[in-house]
Amino acid sequence: MVVGIQSPDIFKKEIYNQWVQLSNDIQKLKGIKAVLSSGRIFQLEKDTVEQKFVLKAIPGGLIKSDAEMDSIKSILFNTPFFEGLVYNKQNATLMAITFDAKILNTAQRNPILKEIEAKAKAFQEKTKIQVHISGLPYIRTAVSKLVSNEFVLFLGLSILVSALILLIFFKKFYAVFFPILVVIMGVIWSIGTLVLFGFELTILTGLIPPLIVIIGIPNSILLLNKYQNELRKDGDKQRALSVTIERIAITTLIANITAAIGFGVLYFTGSELLMQFGSVASINVMITWLMCLCLIPIIFSYLPAPKLKAQTHVEEGFLHKLLVKTDKLVQQKSNLVYLGTIVISIIAFIGVMKINVNGYVVDDLPKNSEILTDLKFFEKNFEGILPLEVSVDTKKKNGVFNLTNLK
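Take the sequence shown: its letter number 198 is residue 197 in numbering that gives the first Met the number 0, and every next letter is one higher.
Worth double-checking, as some hints may not be accurate.
Here are the simulated DSBU-like cross-link-like pairs (lysine-lysine), alpha carbons at most 35 Å apart as the crow flies [claimed, not checked]: (1) K113 - K29; (2) K63 - K32; (3) K72 - K379; (4) K51 - K125; (5) K113 - K45; (6) K375 - K12; (7) K236 - K320; (8) K12 - K88; (9) K327 - K225; (10) K395 - K379; (11) K170 - K113; (12) K332 - K375; (13) K113 - K232; (14) K353 - K320; (15) K113 - K375; (16) K306 - K170; (17) K113 - K327; (18) K379 - K118; (19) K101 - K118; (20) K171 - K306.
These aren't lab readings, by the way, just hints derived from the structure by calculation. Quick caveat, the model's predicted, so the values are computed rather than measured.
Based on the provided sequences and hints, a complete structural model is requested.
As structure tokens, then:
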């Protein structure tokens, strides 16, 4: 993780002491392994007694005179190693913070990040110098928070939209409440499946619960619509439910199997995220279908049969008229439908060819995010701070230490 500032006054005694104090305060936090900054640099010194080199921290404490400040500046500017690492010639300076490896990839890092951020903001208020914070641990935490917030948002919106659709179709409280309740049970199963498989909630797997809602609601609509149509014939509730299960089960089974196969194919892509998403989504699509097929008829077998008067809106409403017009368009102007489909397909194909396949760590953050602004600051002044990882697999134990491989 890094903290950066840019100011021509950074090497003024008062400002520099604040920077030194910030470096020392962060170093004292539990879980922080080391801090390197222009306010906390090190020099190699020879220990003639122990016959070894030791690191000496510079400065040893808060500076007390301008002469001491000039001495530290001289050490910094005359040591090429530090240029571009903790400072540059444009008056920008950087603080590099190393976390304990045991907590780096755990939730324990979150309170430490909050403490660092609070101390950095306090420095900003005292000195009136803008502080920039970035680094992979910081970005990961921000993305995790974004995923958590968007998970709740998308799930809430999907349930709300689904409830409105059910209300438009059936205009009855029980026809909205119970299907939504069944689908929410499917959502709980999907989250449980993630935990059961040991998968984490990511920007991709976070889409599974809203997806289950959107896929599960049509199952309920088909069941309820068929139930009402059969009930309209003779008013026999048990017969209507029996026929509904018999007729709709196959239709919804084929539709849901198709969707499950589509998601299941992602398991064979080789991408860990897509494999997790595909396996969990495909399993829970079928679980939700089974729950709808079993629970909806059971629940409605205990409810009173809807009055026929309450069903007339289905045949007289806007949706019915829209379906009639769509049917006429398909039957009487099929050539126009074919032409429109071809044109849209061509446009879609052109769009697919223009897809940018590059992916970045910060792709999921809003363009106006402060994190992106800070990241650009470090890219401009220190040529970026995100790590580049290279993995070498020699297929042999300790093969990387082989002299031939090292050369």
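Going through the hints against the structure:
1. Using a Cα cut-off of 35 Å, the hinted pair K113 and K29 holds, with the two alpha carbons roughly 13 Å apart.
2. Annotation: proposed proximity of K63 to K32 holds, straight-line Cα distance about 28 Å (limit 35 Å).
3. Using a Cα cut-off of 35 Å, the hinted pair K72 and K379 holds, with the two alpha carbons roughly 23 Å apart.
4. Between K51 and K125 the alpha-carbon distance is near 41 Å, which puts this suggested pair outside the 35 Å criterion.
5. A distance of roughly 38 Å separates the Cα atoms of K113 and K45; the hinted pair therefore is violated under the 35 Å criterion.
6. Restraint check for K375 and K12: satisfied, since their Cα atoms lie roughly 28 Å apart, inside the 35 Å limit.
7. As the CA atoms of K236 and K320 are separated by approximately 28 Å, the hinted pair is consistent with the 35 Å bound.
8. Taken as a hint, the K12 and K88 pair is honoured in the structure, with Cα atoms around 19 Å apart against an allowance of 35 Å.
9. At most 35 Å may separate the alpha-carbon atoms for a hinted pair to count; K327 and K225 meet this at roughly 23 Å.
10. With a C-alpha separation of about 41 Å, the suggested pairing of K395 with K379 is violated against the 35 Å cut-off.
11. The straight-line distance between the Cα atoms of K170 and K113 is roughly 48 Å, outside the 35 Å bound, and the hint therefore fails.
12. With a C-alpha separation of about 55 Å, the suggested pair K332 and K375 falls outside the 35 Å cut-off, and the hint is violated.
13. Between K113 and K232, the direct Cα distance comes to roughly 65 Å. Violation of the 35 Å bound is thereby established for this hinted pair.
14. Of the pairs offered as hints, the one joining K353 and K320 is violated, with about 39 Å between alpha carbons and a cut-off of 35 Å exceeded.
15. Among the hinted pairs, K113 with K375 is consistent with the structure: their alpha-carbon atoms are about 21 Å apart, no more than 35 Å.
16. Using a Cα cut-off of 35 Å, the hinted pair K306 and K170 holds, with the two alpha carbons roughly 12 Å apart.
17. For the given pair, K113 sits about 62 Å from K327 by alpha-carbon distance, which is inconsistent with the 35 Å threshold.
18. Pair hint K379 plus K118 holds up; C-alpha atoms about 24 Å apart against a cutoff of 35 Å.
19. Our distance criterion of 35 Å between C-alpha atoms is met by K101 and K118, whose separation comes to about 23 Å.
20. Only pairs whose Cα atoms come within 35 Å are accepted, and K171 paired with K306 is accepted, the gap being roughly 11 Å.
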